[in-house]
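Please build the complex by placing chain B with the ligands on the supplied structure of chain A, with the hints as guidance.
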Amino acid sequence: MALTTWALGPALRLCAAGPVCSWEMLHVAGAGVCGCCGALRPRYKRLVDNIFPEDPEDGLVKTNMEKLTFYALSAPEKLDRIGAYLSERLIRDVSRHRYGYVCIAMEALDQLLMACHCQSINLFVESFLKMVAKLLESEKPNLQILGTNSFVKFANIEEDTPSYHRSYDFFVSRFSEMCHSSHDDLDIRTKIRMSGIKGLQGVVRKTVNDELQANIWDPQHMDKIVPSLLFNLQHVEESESRSPSPLQATEKEKESPTELAERCLRELLGRAAYGNIKNAIKPVLIHLDNHSLWEPKIFATCCFRIIMYSIQPQHSHLVIQQLLGHLDANSKSAATVRAGIVEVLSEAAVIAASGSVGPTVLEVFNTLLRQLRLSIDYALTGSYDCGAGVSTKIIKEHEERMFQEAVIKTIGSFASTLPTYQQSEVMVFIMNKVPLPSTQQSIEAGKAGENRNRLTQIMLLKSLLQVSVGFQCSNMLTALPSVFLDRLLSAALMEDAEIRLFVLEILISFIDRHGNRQKFSTISTISDISVLKLKVDKCSRQDTVFMKKHGQQLYRHIYLICKEESNVQAHYEALYSMLMLISIELANEEVMVDLIRLVLAVQEIAQINEDNLTAYNRCALFALGAAYLNLISQLTTVPTFCQHIHEVIEMRQKEAPYLLPEDVFVERPRLSKSLDRLGPEVFFWQSKISEVLGGSGYNSDRLSTPYVPQLTDEDRLSKRKSIGETISLQVEVESRNSPEREQRAPAEEITYETLKKAIDSVAVEEQERERRRQVVEKFQKAPFEEIAAHCGARATLLQSKLNQIFEITIRPPPSPSGTITAAYGQPQNHSIPVYEMKFPDLCVY
Amino acid sequence: MSMEDYDFLFKIVLIGNAGVGKTCLVRRFTQGLFPPGQGATIGVDFMIKTVEINGEKVKLQIWDTAGQERFRSITQSYYRSANALILTYDITCEESFRCLPEWLREIEQYASNKLTVLGNKIDLADKREVSQQRAAEFSEAQDMYYLETSAKESDNARQNTLENNVSSPLPGEGKSISYLTCCNFN
Ligand SMILES: Nc1nc2c(ncn2[C@@H]2O[C@H](COP(=O)(O)OP(=O)(O)O)[C@@H](O)[C@H]2O)c(=O)[nH]1
Ligand SMILES: [Mg+2]
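Respectively, the protein sequence lines represent chains A and B. Heads up: the first sequence begins at 1 in UniProt numbering, then just goes up one per residue. Heads up: the second sequence begins at 1 in UniProt numbering, then just goes up one per residue.
For reference, chain A alone in the conformation it holds in the complex:
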């Protein structure tokens, strides 16, 4: 053995001289020249010594290096000794500051490493790493960089034998430290930092796939590597400001720590397996916390963009979950911080492939909704611990508001990544969280409770709107389950104008499946519908079924919303859009007829004005009717219909322009006080319309019947629901009364017992119809004050009784509000029973 190695030396020398050589040749030749070397030191040492020139400036002695390489290749068992000796020399040279020789030793090591990637490399690596470590220990930037470069070369070698006891702790620590270099010289600092990043990249490459080695994914390493990379990523401005010319900029960029750090981070994350994601992301979150980087959120967003694009897509939900967890952990942090986290979540959700939310869809939304509620509480109480004690932090309401907006946006982002059926699930989930008077959800009493309820309602409806915007349902029937629609519509009947508007907007989002809604955003009486370039598909069978099932409910709500005095332009615009969208999305002939009837009934609201609406409300309703009929007549393409509508509009232009949208829906509407003295020619006439449309094959019988909001047959199936809506209506009417009008009807009298009595006295079907007609009539004729007087009581006792009843009911008004109001105004009087209510047994407990 020893003989062979000794013998090989001269052979190598020979070989270097000649142009061709083979191993046989070498061996043969080597055997012959054995005894000729008389050096005292072992051959490998001499070979090593020979690679160092007299003058370090001359660099590595190339020919001798080749000899050393051949020697090492032919006698791999000597590699460890060569390594040890080289390292000994290097350490000595470092301490003697002979840096030229240090570089030469390193170069030799690199070359040996490259040449010998066989199993035996293992023997060599230990001394190699020792030398790298030695260089890294140095204060001299050049040596640090030299060491790093060698390490990087080593890191790119794939070893086939694992090494059990190798530790990279020092390398990770030192490279991370280098990433933070604060060397005075900017250029050197940049170089050291880049070296640090490259070194970390090397460690990652070297260890990431080797389960036997120190686990790079352990927190002890991740907590150094990740923040070091982020620290460099973060200082993008610094390097940018140094590159004036664009050409230089691109060059610089290639060489900037920022860019390098990003690449390294991407590589790291790309290699992260399922179980490692958590350890890799946690330090990111902590770094962003510590460096206050959630606000402004630009950097945080940038980080998570990198993360989401780099990790394997099937892991993205883990990141989302961690962010959600972090949001919860920051529940009591400043609103700006929470907002930052939420915005990042939103971005991340969009990037993540669909299904990013993972297995726990509702959990995600639950967390977001919880945060929303918390924020509402913070803003209301001005304290992080609700109700209790003093809070040290000052809560800024406008910041909470911004946070809430961010949460809502994020809810939308998440929902948009979901398949339709899950979106619909989410909407039901959100809707169920909206506190409504008609449900068992705790409606808190008192001013604060009211306030909280209202804010919660608004925020949740906003969230819902956000979801509905991204919701594409081809099948309304399955997408909007009855329970959902019922709850949503019942929210529309709350007194609150803002809430009402949200409900309308949400419905519009659902109905508009062809992107037509913008075309109806301004109410007008355009003479040619074709300019709108409407996109229309034929109404599908499911849509027809949907309208059969829910049409009456929708009409009734539109009708009732029209009667609200607090409506502003936005409401009328939404009503207009809604009517138009139903007409083009969901309407068959029958629906069309009903819509026309509905709009004519709305005209009557304005005309008769039993609700004591303002001039503006009334003009707006007139204008709304004109605009709708104008478009719908053109859609039917029945010339006589168009003509009638056109005539009325022309007449209004001449006689009463304040009844047209162009005059009403402007900044300063021109209204008229004399709305009660209008001539018949400015109205649309039901008789006329049913005549002209009947002539074109439309159902003129139906057309000539005035629309009266009522229970549909479907509604009848679940009449128990009507009690709920009856009461909510009553509450509504009541609450609109001014206190002076309150009189009579002490609250105690309207008890559950009285209701029960009323229920018991429900008459037979025949009588029922007749009486209904009477009462409708009575109601229509009675002055508002009178009706209002009937329902004066609004004591909390009543409220709580009603709430009790709400619990067993499901949803809102089937009948003209006036009717019920009148009936309830005299609850003891059995001669005016609550006609249209037949209460199933389960209701009367």
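Warning: the hint list may mix true and false statements.
[Unchecked claim] With a straight-line Cα cutoff of 35 Å, these simulated DSBU-like cross-link-like pairs (lysine-lysine) come out:
#1 K519/A with K396/A
#2 K130/A with K114/B
#3 K49/B with K153/A
#4 K49/B with K45/A
#5 K57/B with K130/A
#6 K282/A with K114/B
#7 K563/A with K57/B
#8 K563/A with K538/A
#9 K130/A with K127/B
[To be verified] Covered, in the sense of this in silico footprint (three residues per stretch, anywhere, with C-beta under 8 Å from a C-beta of chain B), are these stretches of chain A:
#10 278-287
#11 503-512
Quick caveat, the hints were computed from the structure, so don't treat them as lab data. From a predicted model like this one, the values you see are computed outputs, not experimental measurements. Note that CB positions come from ideal geometry on N, CA and C, so glycine has one too.
Positioned in the frame of chain A, the structure of chain B with the ligands alone reads:
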């Protein structure tokens, strides 16, 4: 022939509020100088020094950490593998001393060895805010070593405190691991 240039290796981590003089102490110890106005440490700093104690070469890896809160996570990751943790405060700054319990909490989960409390800047005796007695009592109560020094005028500390700190290492596993258990109070 040994490939190593040391018999023992110690990792020492310095912690304490920003401005108490950690970086200066390390410089004084490793380079023998008191650095003129250098900036606050960013993240961590690294220095190496080999000393001979009882004829044995002891290599000290010194990790000097940034005191600022924002680097807390990265500096924390260096506590873990430390053989010795040195809590530094400024004797002329009450606040830096009062923060020590907070630092103790911070390192609680990592510190397995007896800690050292180090009061710096004794050259500014007239500005002293933390008495020796108070610091000694505190350290004793927490079972920590305690000493005072000055990075600026290291005359009274014949050997630097850092070195004292490792004067009697226990033989550890192999060559590279050892413990720091004793401290010389001059
Ligand atoms: N007088 C005096 N000043 C010191 C001493 N040590 C450090 N300083 C000063 O204290 C300031 C902070 O020192 P530095 O080492 O950066 O503190 P670090 O943040 O703990 O690393 C600098 O202005 C130093 O000049 C000392 O022993 N005596
Ligand atoms: Mg410092």
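Checked hints:
Taken as a hint, the K519/A and K396/A pair is broken in the structure, with Cα atoms around 39 Å apart against an allowance of 35 Å. For a cut-off of 35 Å, the pair hint linking K130/A to K114/B stands: about 30 Å separates their Cα positions. Our distance criterion of 35 Å between C-alpha atoms is met by K49/B and K153/A, whose separation comes to about 28 Å. A C-alpha spacing of about 29 Å is found between K49/B and K45/A, which places the hinted pair at or below 35 Å, so the restraint holds.
Our distance criterion of 35 Å between C-alpha atoms is met by K57/B and K130/A, whose separation comes to about 17 Å. The straight-line distance between the Cα atoms of K282/A and K114/B is roughly 30 Å, inside the 35 Å bound, and the hint therefore holds. Between the alpha carbons of K563/A and K57/B the distance comes to roughly 93 Å, so the proposed pair goes past 35 Å and is violated. Simply put, K563/A and K538/A have alpha-carbon atoms about 32 Å apart, close enough for the 35 Å limit, and the pair holds.
In summary, the hint linking K130/A to K127/B is not supported, as the alpha carbons are separated by about 47 Å, beyond the 35 Å threshold. Given a C-beta distance limit of less than 8 Å, the hint that chain B covers the segment 278-287 of chain A holds, as 3 residues qualify and 3 suffice. Only residues whose beta carbon comes within less than 8 Å of a beta carbon in chain B count, and the segment 503-512 of chain A has 0; fewer than three means the coverage is violated.
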